[in-house]
Amino acid sequence: MSPLAVSVLKVLACLGLMLANGVVMIWMLRKVLGHLHLRYGPLEMGPSGILQTTMDVLKLLTKEDVMPGAADKALFWLAPLAVFVPSLAAYAALPFSSTLRATSLDTGLLYTFAALSFVPLGILMAGWASGNKWSLLGGMRAAGQQIAYEVPLLLSVLPIVMLTGTTDLGRLVEAQSGVWAGFLPRWFIFDPLLWPTFLVFVVAALIESNQTPFDMSEAESELVAGFATEYSAMKFGLLFLSEFSNHFIISALAVTLFFGGWLLPWVPEGVSASLAPVTFILKTYVGIFVMMWIRGTFPRVRIDTLMELGWKRLIPISLALVVVMGIVIKAMPALARVVG
Amino acid sequence: MSDPRYEVYEAGLIGEGMHEPPVLPAGLRRSPSGVDGLRTEHLVVNMGPQHPSTHGVLRMLVEVDGEEVVNAEASIGYLHRGIEKLAEHRRYDALGTLMDRGDYVSGIMGELAAALAVEQLLEVEVPRKAHWLRSLTSELNRIASHLVWYGTFGLDTGAMGQFLYAMRDREAILDILEAISGQRMMFNYVRPGGVVRDLPPGIDAKIRAFVDGFENVYLPEHDALLGGNEIFQSRVKGIGVITREQALAFGLTGPNLRASGVRYDVRANRPYAAYPELEFEVPVGETGDAWDRYLVRMEEMRQAARLIRQLIDGMPEGPHAAKVPKVLRPPAGEVYAAVESSRGETGVHLVSDGSEHPYRFHYRAPSLFALQALEEIVPGHLIADVVMIIGSTDVMMGEIDR
Chain F
200 MSPLAVSVLK VLACLGLMLA NGVVMIWMLR KVLGHLHLRY GPLEMGPSGI
250 LQTTMDVLKL LTKEDVMPGA ADKALFWLAP LAVFVPSLAA YAALPFSSTL
300 RATSLDTGLL YTFAALSFVP LGILMAGWAS GNKWSLLGGM RAAGQQIAYE
350 VPLLLSVLPI VMLTGTTDLG RLVEAQSGVW AGFLPRWFIF DPLLWPTFLV
400 FVVAALIESN QTPFDMSEAE SELVAGFATE YSAMKFGLLF LSEFSNHFII
450 SALAVTLFFG GWLLPWVPEG VSASLAPVTF ILKTYVGIFV MMWIRGTFPR
500 VRIDTLMELG WKRLIPISLA LVVVMGIVIK AMPALARVVG
Chain H
7 MSDPRYEVYE AGLIGEGMHE PPVLPAGLRR SPSGVDGLRT EHLVVNMGPQ
57 HPSTHGVLRM LVEVDGEEVV NAEASIGYLH RGIEKLAEHR RYDALGTLMD
107 RGDYVSGIMG ELAAALAVEQ LLEVEVPRKA HWLRSLTSEL NRIASHLVWY
157 GTFGLDTGAM GQFLYAMRDR EAILDILEAI SGQRMMFNYV RPGGVVRDLP
207 PGIDAKIRAF VDGFENVYLP EHDALLGGNE IFQSRVKGIG VITREQALAF
257 GLTGPNLRAS GVRYDVRANR PYAAYPELEF EVPVGETGDA WDRYLVRMEE
307 MRQAARLIRQ LIDGMPEGPH AAKVPKVLRP PAGEVYAAVE SSRGETGVHL
357 VSDGSEHPYR FHYRAPSLFA LQALEEIVPG HLIADVVMII GSTDVMMGEI
407 DR
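These protein sequence lines map, in sequence, to chains F and H.
According to my numbering, the first sequence is numbered sequentially starting from 200.
According to my numbering, the second sequence is numbered sequentially starting from 7.
Derived by calculation from the structure, the hints in this document are not laboratory data.
No residue lacks a Cβ here, since even glycine has one placed at the ideal position from N, Cα and C.
Incorrect hints may have been included.
Selected chain H positions facing chain F (Cβ under 8 Å, derived; list incomplete) [stated by the list, open to error]:
{"hint": "1", "residue": "209"}
{"hint": "2", "residue": "240"}
{"hint": "3", "residue": "241"}
{"hint": "4", "residue": "386"}
{"hint": "5", "residue": "387"}
{"hint": "6", "residue": "389"}
{"hint": "7", "residue": "390"}
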């Protein structure tokens with residue numbers, strides 16, 4: 200096959216994964232939140248309502264696409280794409296196994312973060328173009344929020360990069376293979392040196408995922424529906440889909456960085472390798488479940504508290520962690536090698 | 007905004023000196039970015055009547071500087087049904103039906119206010135058992151109403167789980183009230199002279215089971231889930247402070263007044279129904295912020311559970327209603343009767359001209375007073391706080407618009 204055909208197929212595969220993930224996650228969210236809320240979630244369409252999302256997609260496709268008179272038409276069209284495309288692009292570097300990934304990038308980690316950081320731009324566009332005051336407030340919040348969490352998010356993974364000396368997501372996973380003390384997988388989550396890093400990463404990643412308690416730009420009880428207020432039909436569908444896809448990517452990053460990616464502990468190498476994509480996706484969905492759990496439980500923080508958290512807490516803490524890791528690597532290389 | 011202050015402000019923005027900061031009238035602050043000549047504008051956003059957290063159909067015109075509110079104006083009337091005028095064409099025993107549709111989440115207490123007023127006009131002696139049944143249903147209703155407040159207050163913060171947990175408990179109460187009165191919300195249970203019917207057999211065991219579970223398991227659970235959450239505490243502490251003086255000046259009653267530190271409760275200060283015979287505490291707050299209002303209402307639920315226990319244990323025997331004529335024709339006169347509803351002093355002012363219809367019927371809705379206070383306390387807060395403040399005062403549009 201020509202390289203171009205291969206690339207097109209890879210993009211289509213990523214798109215397929217993104218759409219399938221959307222369908223599965225929406226159903227999962229409804230079921231998880233339902234059971235957290237003493238409800239059942241969807242029941243009617245198919246067994247356990249499994250076809251509900253499919254029906255919703257059909258509904259979204261057939262709905263009237265309303266464009267507000269006051270909207271900036273070009274931007275209003277462009278915004279869902281500006282959210283959707285980076286979200287799709289972020290799949291490129293995700294390592295589903297040692298070989299299965301769209302592209303093997305030396306800078307995979309940075310690339311994924313870079314792709315994700317485009318999303319708030321699209322949200323700001325959506326908020327601005329809608330010609331609605333609530334949307335505008337939501338978009339502005341997204342813009343302000345982005346700086347407050349993108350910096351600590353990126354800083355928080357630096358200690359891992361320093362420890363392993365790579366930003367290639369595949370090699371980051373390979374660095375976690377093997378076991379400590381005969382039974383404990385050498386995942387970074389089991390490395391006490393990286394626990395503070397993990398905490399900062401979790402908070403920053405939750406903010407990135409843009410859902411309760413950090414769903415500032417949507418905040419349905421404050422801003423009606425924030426940036427998405429004026430969107431309907433499939434444009435809304437795209438915004439929604441991208442959001443779910445971002446959850447998948449964030450959870451996949453957490454799995455890659457801290458939970459050994461595709462690695463399956465305590466089984467022979469061959470089994471682990473053949474199950475790699477399944478392991479990776481299952482681990483990712485466990486992460487997504489935890490995010491949904493948090494979403495179903497916590498109240499929302501206030502926007503200024505969030506900014507303070509980002510600027511005054513997360514950034515200094517993550518900078519300090521980088522310094523500490525530097526000292527450990529330089530001054531106590533033995534310790535860094537043993538645990539890292 | 008037709009306020010002349012803003013015309014001055016806008017003229018300053020549009021006029022020749024556009025690049026010079028306009029002279030602001032007293033009471034308006036300039037945003038930091040406005041000082042160095044960058045033009046900033048205030049944004050007037052229309053919050054409601056179709057907004058997820060305006061608790062029905064409240065409309066707030068909020069003028070914001072960024073996210074900070076500089077001015078708020080409440081606009082009401084979207085749920086107006088003309089209850090007061092309708093009452094002039096109803097017979098006296100139908101007033102309760104109208105009151106049910108005023109504050110529709112604590113209907114029993116509204117009915118009771120109307121019944122007390124009619125009884126005062128008629129000078130009927132209500133049997134002791136009727137008093138006790140009225141208090142019992144009132145307190146059950148109070149918990150149900152506070153649970154609605156608790157749930158929607160949580161929803162305002164974005165927490166959804168606890169709303170449905172609250173609805174589960176409320177459902178248990180509504181089942182009990184349905185067994186007692188025959189209806190879930192529009193009870194029409196309290197009538198002039200007493201109550202419609204006696205307790206159905208076996209209901210006391212059901213109530214006891216509910217109170218046991220509620221007091222020991224569910225209420226602590228609710229309190230821990232929302233009040234024990236640090237995010238929630240950071241959202242409500244120090245927000246929407248109503249001082250003692252302000253609270254009195256605005257005529258606040260109920261939990262909103264008590265949260266500001268004034269110990270006034272109609273049940274204790276001007277007792278009615280069975281309350282003189284019962285033991286309960288009136289919780290008060292200190293600072294009058296949203297957190298105090300939360301604490302006061304949570305404690306009120308505890309006290310209501312305690313009252314229900316006493317009421318079930320000491321339920322007297324006897325008739326549940328006095329004999330009153332089918333068509334009530336109270337002598338000409340004017341009375342005011344009040345009860346402590348879950349939102350404050352719900353009062354009924356009734357003027358009779360001796361006919362079978364009231365000459366004038368006035369419904370004192372405690373939420374209306376809380377709403378007036380809102381306009382005063384909201385400026386200076388963020389938009390996110392506005393919904394918290396509205397939620398914390400537990401305004402009920404049904405009784406404001408009537």
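To see whether the hints hold, each was checked on the structure:
Checking residue 209 (chain H) against chain F by beta carbon gives a least distance of about 25 Å; that is not within 8 Å, so the hint is violated. A least Cβ separation of about 6 Å between residue 240 (chain H) and chain F falls short of the 8 Å threshold, and the interface hint therefore holds. Taken as an interface hint, residue 241 (chain H) checks out: its beta carbon lies about 6 Å from the nearest beta carbon of chain F, inside 8 Å. Evaluation of the residue 386 (chain H) hint against chain F yields a violated restraint, the C-beta minimum of about 13 Å exceeding 8 Å.
Below 8 Å, beta-carbon pairs count as interface contacts, and residue 387 (chain H) has none with chain F, the closest being about 10 Å; its hint is therefore violated. Of the supplied interface hints, the one on residue 389 (chain H) holds, with its beta-carbon coming within about 6 Å of a beta-carbon of chain F, less than 8 Å. Below 8 Å, beta-carbon pairs count as interface contacts, and residue 390 (chain H) has one with chain F at about 5 Å; its hint therefore holds.
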